[in-house]
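Asks: Let the hints inform the model, and build the full structure from the sequences given.
In order, the protein sequences belong to chains W and D.
Quick note: the first sequence uses UniProt numbering, first residue 1, plus one each step.
Quick note: the second sequence uses UniProt numbering, first residue 1, plus one each step.
Source of the hints: derived by calculation from the structure; they are not laboratory data.
Heads up, the beta-carbon is just placed ideally off N, CA and C, and yes, glycines get one too.
Reference excerpt, derived from the structure (chain W facing chain D, CB under 7 Å, subset only): (1) 125; (2) 132; (3) 220; (4) 221; (5) 225; (6) 227; (7) 228; (8) 229; (9) 230; (10) 231; (11) 234.
List of simulated lysine-lysine pairs, DSS-like, C-alpha gap at most 25 Å: (12) D:133 with W:119; (13) D:67 with D:133; (14) D:244 with W:192; (15) W:205 with D:251; (16) D:65 with W:205; (17) D:67 with W:205; (18) D:244 with W:178; (19) D:243 with W:178; (20) D:94 with W:142; (21) W:119 with D:239; (22) D:251 with W:192; (23) D:256 with D:243.
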Amino acid sequence: MSTPMDTSSLPIKNKSNQLTSTLTTDYIVGSDLISIEGYRQDGRKPNELRHFRVSFNVVPDADGSCYMEHGNCKLLATIYGPYEGESRSNQEQAIITCDFSMTSYCVSERRLRTFGDMKSQRLQMAIQRVFQQAIITETYPKSQIDIYLKILQSDGNDYSPCVNATTLAFINAGIPMKDFVCSSTVGYIQNKCIIDLNQQEEQQKSPQLTLTIMPQRDDIVALTCESRVHHDIYNEMLDAATRANLQLFDLMKQAVINQLKTVLHVL
Amino acid sequence: MKELICSTIERNVVLKCIRDHKRLDLRTIDETRSINIEFRAHPGYVSVTLGQTHVIAQASCRITKPKESRASEGHIRIHLDMSKIPLINLENWKHQEFVQELNGILEQNIRHSNCLDLESLCINSGELVWSIKIDLIVLNNCGNILDCANIATLCSLYHFRLPEVSVHGSEIRVYSSTERRARPLRILHFPINVLFAFFIDGHYTLIDPNSDEERLMDGFFSISMNQHKEICGIHMGGKLGLKKEQVELCKKLAFKKVLELTDRIRQVVTDYYKTIEPITHAQPSIIRIDNDEDEDDDSSSSSESEDPVLIKPEIPLSPIENNVSLLLMPDLDNLSLTDDVSTMIATNVDKLTSDLENDDEHDNE
Chain W
1 MSTPMDTSSL PIKNKSNQLT STLTTDYIVG SDLISIEGYR QDGRKPNELR HFRVSFNVVP
61 DADGSCYMEH GNCKLLATIY GPYEGESRSN QEQAIITCDF SMTSYCVSER RLRTFGDMKS
121 QRLQMAIQRV FQQAIITETY PKSQIDIYLK ILQSDGNDYS PCVNATTLAF INAGIPMKDF
181 VCSSTVGYIQ NKCIIDLNQQ EEQQKSPQLT LTIMPQRDDI VALTCESRVH HDIYNEMLDA
241 ATRANLQLFD LMKQAVINQL KTVLHVL
Chain D
1 MKELICSTIE RNVVLKCIRD HKRLDLRTID ETRSINIEFR AHPGYVSVTL GQTHVIAQAS
61 CRITKPKESR ASEGHIRIHL DMSKIPLINL ENWKHQEFVQ ELNGILEQNI RHSNCLDLES
121 LCINSGELVW SIKIDLIVLN NCGNILDCAN IATLCSLYHF RLPEVSVHGS EIRVYSSTER
181 RARPLRILHF PINVLFAFFI DGHYTLIDPN SDEERLMDGF FSISMNQHKE ICGIHMGGKL
241 GLKKEQVELC KKLAFKKVLE LTDRIRQVVT DYYKTIEPIT HAQPSIIRID NDEDEDDDSS
301 SSSESEDPVL IKPEIPLSPI ENNVSLLLMP DLDNLSLTDD VSTMIATNVD KLTSDLENDD
361 EHDNE
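Replies: Right under this line is the structure:
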């Protein structure tokens, strides 16, 4: 007699169980980074960027600064310069140095070594190289420009948000550049290209590509692909990355225009 | 890689040549320098010269505990050691950066592309795994250390032999190469690196720059592919702004080089092992009986060179051995590769009179 009662209550239970069970298995197994409906773990579609927010002039003492939130990645980029370089500095061009550090609380486990390790050094070199190319260094001979980057909260790839934040900080500092520099990552999971990877998606062993371009000049400034990718998939990923960068460029340009509007009260 | 002091005349000459699509050493734009690969008896040692650039690689193995997150995978590490000698003109800190960058590219190339099957390095899951380390030493730098070091790494990995191991409960026993033949590493594919140098605002490209060209390049673009047309890694450096079409072109050129080099590496290593194996390892190989005085017999020596694996080279069998082998393994004449089996039997019987045998061979061939 109790069974009819149970069976009548069962369908309702089943429904909720089904819903919750698919969600929990997705989360536990972790292999379904793109759910059946086409959404990623954080609710984005494969071609959507993370939430992007920028504010300028955060460090009043610096010549240019930018605080950027790109999804869960929060960082601060500060520019000092151009100022008189050291005696060994280049006579014809400005030297750009980059200093990258993280805070101990930026990742979920407390990080003891916040600067000077391999990853930081590589990032420093990469950013220095990118901006040596992007800044019109001939306008400041014998001088030096310092970039200071601080990660307050890290969510996977630090390189792309750093490049974007540095671009905006340079614009805030008024240093002439050839073009914006935008960077984003692209992954290939479950036969789809997904852009702007967060940490969970990046930790998968799937193919990934980081593309840094100057969008208006259509120049590829840096391209790193560190996993094994077939030729055709690579082309697809490159296209997706270019589109992602153009989206980012629009967001960045809008942020700069808004900043100008508030500062100059231009309608 | 840049910022080396270069005289104005040198710079002008090299750039002028590049504008005319020529190079000082008479190569074409997409021609690499000649590659010379040499091995020594010790497995895993290889010396590669790319033109004048000379890199040595040595692979070594060690048994260690695996990482907790990857309990059944071995480790691989690549260490590029470049003392100051090959690069005199770079300042201290730049030299360090340069070495680190190269090291990073090489390591990512091998690790992230999964060219080596790490699970095959496992001895006891969770407790003991093999850890392979490749040490690279640059002896001479005449441009393009990256490609040279990469080839050296791959050759070294392919050449290296891992000792046999047997597990008895909690003990393991490692056999030396005389007890049990060491086995090769499981390499799934060869990610070969090709370096492109860009000049004059990225308008002109060269493959495999030598030291002059490397000093004057704007930046480099290194692409690593394997023969299945999979891209295993891309790295850009220097002051470069590239267009998509240039990247495409580089990929196409790189792929051609990759095919050639993959065949070459495979060929070189297998050739090396074919020549040394009959001597070094203890198991008997299949031998042809009619093998003694062959210097004066051109026809038989030429037929010998067709199947080197089956023939024991230049170790003369004593007559006693010959007799013994005949007695114990009478079926060996069936394994010989000459057409006339009946005449072979006749010649084998007359083994002790080796002159007669040679005459017979002369008659038959």
